[in-house]
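2 protein chains.
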Amino acid sequence: MPKPFTFDPGDKINLKDVAARPDVGHWDKESAAERMAENTAKSRDLAYRLYAENKQTLLLVLQGMDTAGKDGTIRHVTTGINPQSFQIAPFKQPSSEELDHDFLWRVHKAVPRRGNVGIFNRSQYEDVLIVRVHNLVPKSVWSTRYDRINDFEKLLTEGGVRIVKCFLHISKEEQRERLQARLDNPDKRWKFSKGDLAERKLWDDYQEAYEDALNKCNTKHAPWHIIPSDRKWYRNLIVSELLKDTLEDLDPQFPPSEEGLDGIVVE
Amino acid sequence: MPKPFTFDPGDKINLKDVAARPDVGHWDKESAAERMAENTAKSRDLAYRLYAENKQTLLLVLQGMDTAGKDGTIRHVTTGINPQSFQIAPFKQPSSEELDHDFLWRVHKAVPRRGNVGIFNRSQYEDVLIVRVHNLVPKSVWSTRYDRINDFEKLLTEGGVRIVKCFLHISKEEQRERLQARLDNPDKRWKFSKGDLAERKLWDDYQEAYEDALNKCNTKHAPWHIIPSDRKWYRNLIVSELLKDTLEDLDPQFPPSEEGLDGIVVE
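Going down the list, the protein sequences come from chains A and B. FYI, the numbering for the first sequence is 1 to 267, going by full-length UniProt numbering. FYI, the numbering for the second sequence is 1 to 267, going by full-length UniProt numbering.
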């Protein structure tokens, strides 16, 4: 089965060496769609068991450059599963109240309840990405955050949260095509902002910031998964596999029933 | 199409006069499933537009006696729609922090964001239902809450939230069968608690409390919909219609794109 690119904690990767459009073997859109339908059916049942069990939590963290497809991945991978299984938290520009606290304050509040599958659409990593690239705080501030993020993720893990971090990896050329498509398609134009072009000019700075986040925060308890994302269907297939595999690994069980229920007749 | 039972603000209904298992005309499980699949496809598109538009909010409030099917309704009516469209808030026994505030404090915090479809699994009405039936506060306290709920719902409505309140109406005999089925089915037994039998003994008190909530809080801005729920498939069909109809009525539009985008070529 197609897998994300992973690497050992302590090893260093360079994003230029990771293919955004790898060889897909015998897979194509049709076989991927079939497999995803099977995954969805399995994940639906497992998410229901996770909810019934009420002991463990799964947290999927999605990061990626503009147009990498965070929303599209969520839509394709979760549609068909009971929405009550999910708590999806989008992290946009922080509010002034959020900025009046440490950078993990708003993130901690959004951690999903036990029994749920949480999805972070952007995350704590924004504070070592956009914040770093735009110098919103000095280097002395952002440079210690990698350790704080690792500590925070350790806390969640020990509290029963399985963290699955995905970086949706696209090439610069693919982003160009997707931005152009938004401009050229009247139904998609509302998604385009001139600010997107200014951000694109900072491509290299963002790639460098991502490399640091990937290398410094690739821990045993919360490893990074690099998802080749130039092909949308392949990206969705891999994340769908990852969700199903992780739920299977959590192996949630229906809880035991109360004692002394045998023979009760309801009147 | 099958519709919920509704009544004019100011009119009084008695739950005994509302059928929990009405005549369904030519509808059956199969035709209902087909129609629901169509509704889901339409609601999926409309919910996406609602999100893109980012101006209006839909809030579905679900109440009902134990086993009436709040979770089942959510599962059947929302599965197949992008979970990122929903914010689902379950209201369980309040925490000590929540009890240290007025009864609407925790509810207000759970109001969905603009562009989202919120679902309250139980709601502000618990404070004039279980709280009243079990005398958790004196009558002088709960009796003023109906007005406060109406005021609160007015506030939300004027802030752009369309409120759709559903009471899932089952008969006492149907509840008996469902509780017995939980006991008799090993896969469902974990859902059963002896406390359910104690609650069932208070059936008449709950029906009376529900009647008051329905009659006193059936306002023009936030009307009640009584959903005949003795047949699960019929209950699901009606709520699915209601969701789709309300989204159609909100008529969300894609937002306009930025000015001056013509002719831009992404480099």
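Calculated directly from the structure, the hints in this document are not laboratory data. A portion of the hints provided could be inaccurate.
One copy or any two copies: either way a pair holds, since identical chains are not told apart in the list.
[As the list claims (entries may be wrong)] Within a straight-line C-alpha distance of at most 25 Å, the following computed DSS-like cross-link-like pairs (lysine-lysine) qualify:
1) Lys139 <-> Lys194
2) Lys232 <-> Lys42
3) Lys109 <-> Lys42
4) Lys92 <-> Lys109
5) Lys42 <-> Lys191
Q. How do Lys139 and Lys194 come out at 25 Å by Cα distance, when the copy is not named: within, between, both, or neither?
A. neither (28 Å within a copy, 59 Å between copies)
Q) For Lys92 vs Lys109, is the C-alpha pair at or below 25 Å within one copy, between two copies, both, or neither? A) both (14 Å within a copy, 18 Å between copies)
Q. Given a CA cutoff of 25 Å, do Lys42 and Lys191 count as a within-copy pair, a between-copy pair, both, or neither?
A. Between. Shortest inter-copy distance 22 Å satisfies the 25 Å Cα cut-off; intra-copy 33 Å does not.
Q: If the cutoff is 25 Å on CA atoms, where do Lys232 and Lys42 land: within, between, both or neither? Let me know, please.
A: For Lys232 and Lys42, both the intra-copy (22 Å) and inter-copy (24 Å) Cα distances are at most 25 Å.
Q. Are the CA atoms of Lys109 and Lys42 at most 25 Å apart within a copy, between copies, both, or neither?
A. Neither, since 29 Å and 33 Å both go past 25 Å.
In this structure, the hints that do not hold are numbers 1, 3, in rising order.
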